[in-house]
Each structure stands twice: as C-alpha cells, then as structure tokens.
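Peer 1: One letter stands for each residue in the lines below.
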Amino acid sequence: MPFVQIYLPATFTSAQKKTISVSIQESLVAIFNVPEKDYFQVINILSDGHLIHSDSYLDIPHTDQMVYIYITCALSRTKEMKQALYASIAQKIAAGAAVNINDVFIILNEIPWENWSFGQGKAQMIHKSTG
Amino acid sequence: MPFVQIYLPATFTSAQKKTISVSIQESLVAIFNVPEKDYFQVINILSDGHLIHSDSYLDIPHTDQMVYIYITCALSRTKEMKQALYASIAQKIAAGAAVNINDVFIILNEIPWENWSFGQGKAQMIHKSTG
Amino acid sequence: MPFVQIYLPATFTSAQKKTISVSIQESLVAIFNVPEKDYFQVINILSDGHLIHSDSYLDIPHTDQMVYIYITCALSRTKEMKQALYASIAQKIAAGAAVNINDVFIILNEIPWENWSFGQGKAQMIHKSTG
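Protein chains in written order, with the numbering used here: chain A, 1 to 131; chain Y, 1 to 131; chain U, 1 to 131.
Because the hints were derived from the structure by calculation, they are not lab data. Incorrect hints may appear among the rest.
Which copy? The list can't say, so a pair holds if one copy fits it or any two copies do.
What the hints assert, rightly or not - Under the rule of at most 30 Å between Cα atoms (straight-line distance), these lysine-lysine pairs were calculated in the DSSO-like manner: (1) K122 with K92; (2) K17 with K128; (3) K18 with K92; (4) K128 with K37; (5) K92 with K79; (6) K79 with K37; (7) K79 with K18; (8) K92 with K37.
Please take these sequences and the hints and turn them into a complete structure.
Peer 2: Here it is, written out as structure tokens:
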C-alpha cells in the first residue's frame, strides 16, 4: 500500500541505495503494519545541481548528500505512528548507509484505500475503511 | 486536469511507452470525463535496480517489467468510476503494450480544483466545486 | 515545508533551470510565507518523448518546452493566495527563463503539518494546526 518515491544524488552507491530502500520498507512494516511483500518503490537519481536545498533549515544543516523520501500511503495513521516512522527511517539510514541523519527528509501523502490498484485492474482495498 | 507520473524500466520500447500513455489518457477520457486535450504526463525511466517490488503481493506475482502509474486528478470520483478506471487502464496496457496485467500498479491522488494552473499563471478551475 | 518536483525537457540550460528553481522559491516565500531557507526541490530531466502534452488545452497552446511544477505544501492556503502564487511563478519564469507563460503548469498537493520530517527523524511541525 505504500508507494515510495526516493530522490538522491548520483554519487550514492548501490549498497547505499539498497540500505535506504530496505530501511524505509522495514520501518513501514514495523510501525505502519504494512505487509512485508507490500513493497513498491522507485529511486530517482539526480545529477549535479538537480537536488536543490538550502545550507540549513530549522537549525539542521544539509549537505549535498541529501535523500528526499516521498511516501504515499493509505489513511490514517496517528501522530505517534508518524513520529515513530520518521525516527526509524532516519536512524536506520544514518546507521546503515553513511548518510547524515540531518539529510533524511521525509514526506507522507495519505490517500484513501479505494485509490489503490495493486495490479490486474482491480481496487483490492476498496472495502477497507479510511475513516 | 489529471497529471500522470509514469515510472517504468529502461527496457520498454518507444511503442510500448506510447501505448501506455495513450491507454491511460483514453481511460481518463472515457471514464473520468476528462477532455481529450487535457493530457499531461511524464514518463520516468528507471535503470536497473531502481524500480523496486516484491515477487508477489496479494497473490499477484510481479516481474521486473512493472509499470507504476501515479495519477493526480481533481476531486471527487465515485468508487465505481475508480474501479472502472483501473480496469480500463490495466486491460488496455496489457492488450496493447505486452505488459502483464499483474504488473500495472495505479494510484490516484485527488486534489481540489483550485489547486491547478494550466498555464498563464491562472487558476482556470477555481470556480468549480470539489463536492 | 514545500517540496517541489520540477519536470522539464533535456533542452533547458543550467541558467534556465536555476531561474525556474529560484522563481518558484521566491514566489513561495513572498506569497505563502515560506521561510527562505525552507527550500527543497528536485529537477527531473525528461528526454525526448517523455514529457507528454496536447497541442492546446483551454485555448492555451503548448510547446515542447513545457515545465511541470508539482508543489507539495502544508494545508491550508486561501484561494487568493493560490491564485497569487500561480501568477507570480509563471510571470517570473516567463520573464527570466525564456519559457512561454502558457507552458508553466502548476499543481498544489496540500498535506498536514504532521506529515513532514525535515531531517533528524523528527516531525518538526507536528504542533502546528492544519485546521
């Protein structure tokens, strides 16, 4: 149910990208109760000058090794679950992928269950509540 | 009014990409009553290892020829229209582009009419209701 | 707080891309009251045939030098602010980047404050109201 768009610079290695991907998925499984096989992501590589950021925001400095993570998921998780998700993703990526924890930027875009088709042209989650 | 982000592997031919693009647009026109000329899409090519999926989810197996389709459109279509849209897109792509119907993944992100500018710096749809 | 996905053709120069990026950010600062350092964007380059549009929609003709701008921002701006934002972005880009004002396409995707993490695994805006 989550669909994750990852944006990162061309300097990242395959091993770093793998760690980032897995860190996000493991966090979604552990905290948002996403099934393990519900794993849909794209990694967009940005060449020089195409990943834009300021040097610092909210007293958090940023380097040119930033990672933008745009998670589209179903409604509705609690604030506590969202906080736990951000912490888990950022900590795992920082620990495993040699990315500074300041440079992990995450957004959640929540959409209704009926707005997903996982293949076969069907709306597999249409009877789930989004209330 | 729809804006469609398509993600697919670098192995797809131009003919396949054209069929995928047209299949989505024709389905939006037929089922969501989108005007024919209201046709705005991007196709993002993902190199090896950058389109990530599990081998199977919800008993639907996936290959490395998956297509992710992220449709941003205006509020608010009925559940029945959404179901019909998924079916149409997936069937057309499977029939015309040599993609397995299991591998057509679709998301709808619905936003208000006032959130669109189709050029000239104007909000052309600002007086439409979003129900 | 905004995260901006920009899509444009491979023909654009670095100077054009810089002007587009800055035009969007300056408009967000001036009209949406975004802090200057709250500057997070990606520029996605689309090769030939991957930026799809009709020749004209709503009597606005389009060329192959279109720019799609997908702004994810926090709830909730007024209609008047949105109109002013579109006008500012399009006028600045047309004036500074040699892009036709018809070819500046903008979408706003508004999400709650609690759905953002600006680094360090924290939800920095979680106590802001989205009402």
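Peer 1: All hints are to be evaluated individually against the structure, with a verdict given for each.
Peer 2: Hint-by-hint comparison with the structure:
In this assembly of identical chains, the alpha carbons of K122 and K92 lie at most 30 Å apart only when taken from different copies (13 Å versus 34 Å within one copy). In this assembly of identical chains, the alpha carbons of K17 and K128 never lie at most 30 Å apart, being 33 Å within a copy and 33 Å across copies at closest. Proximity of K18 to K92 under the C-alpha cut-off of 30 Å is restricted to the intra-copy arrangement: shortest distance 12 Å within a copy versus 33 Å between copies. Within a single copy, K128 and K37 get their C-alpha atoms as close as 19 Å, which meets the 30 Å cut-off; across copies the closest is 34 Å, which misses it.
For the homomeric pair K92 and K79, the shortest alpha-carbon distance inside one copy (20 Å) is at most 30 Å, but the shortest distance between copies (38 Å) is not. In the homo-oligomer, the alpha carbons of K79 and K37 lie at most 30 Å apart both inside one protomer (25 Å) and across protomers (25 Å), since each shortest distance falls under that limit. For the identical chains of this complex, K79 and K18 are intra-copy neighbours only, at 28 Å inside a copy versus 36 Å across copies, given an alpha-carbon limit of 30 Å. For the identical chains of this complex, K92 and K37 are neighbours both inside a copy (19 Å) and across copies (26 Å), given an alpha-carbon limit of 30 Å.
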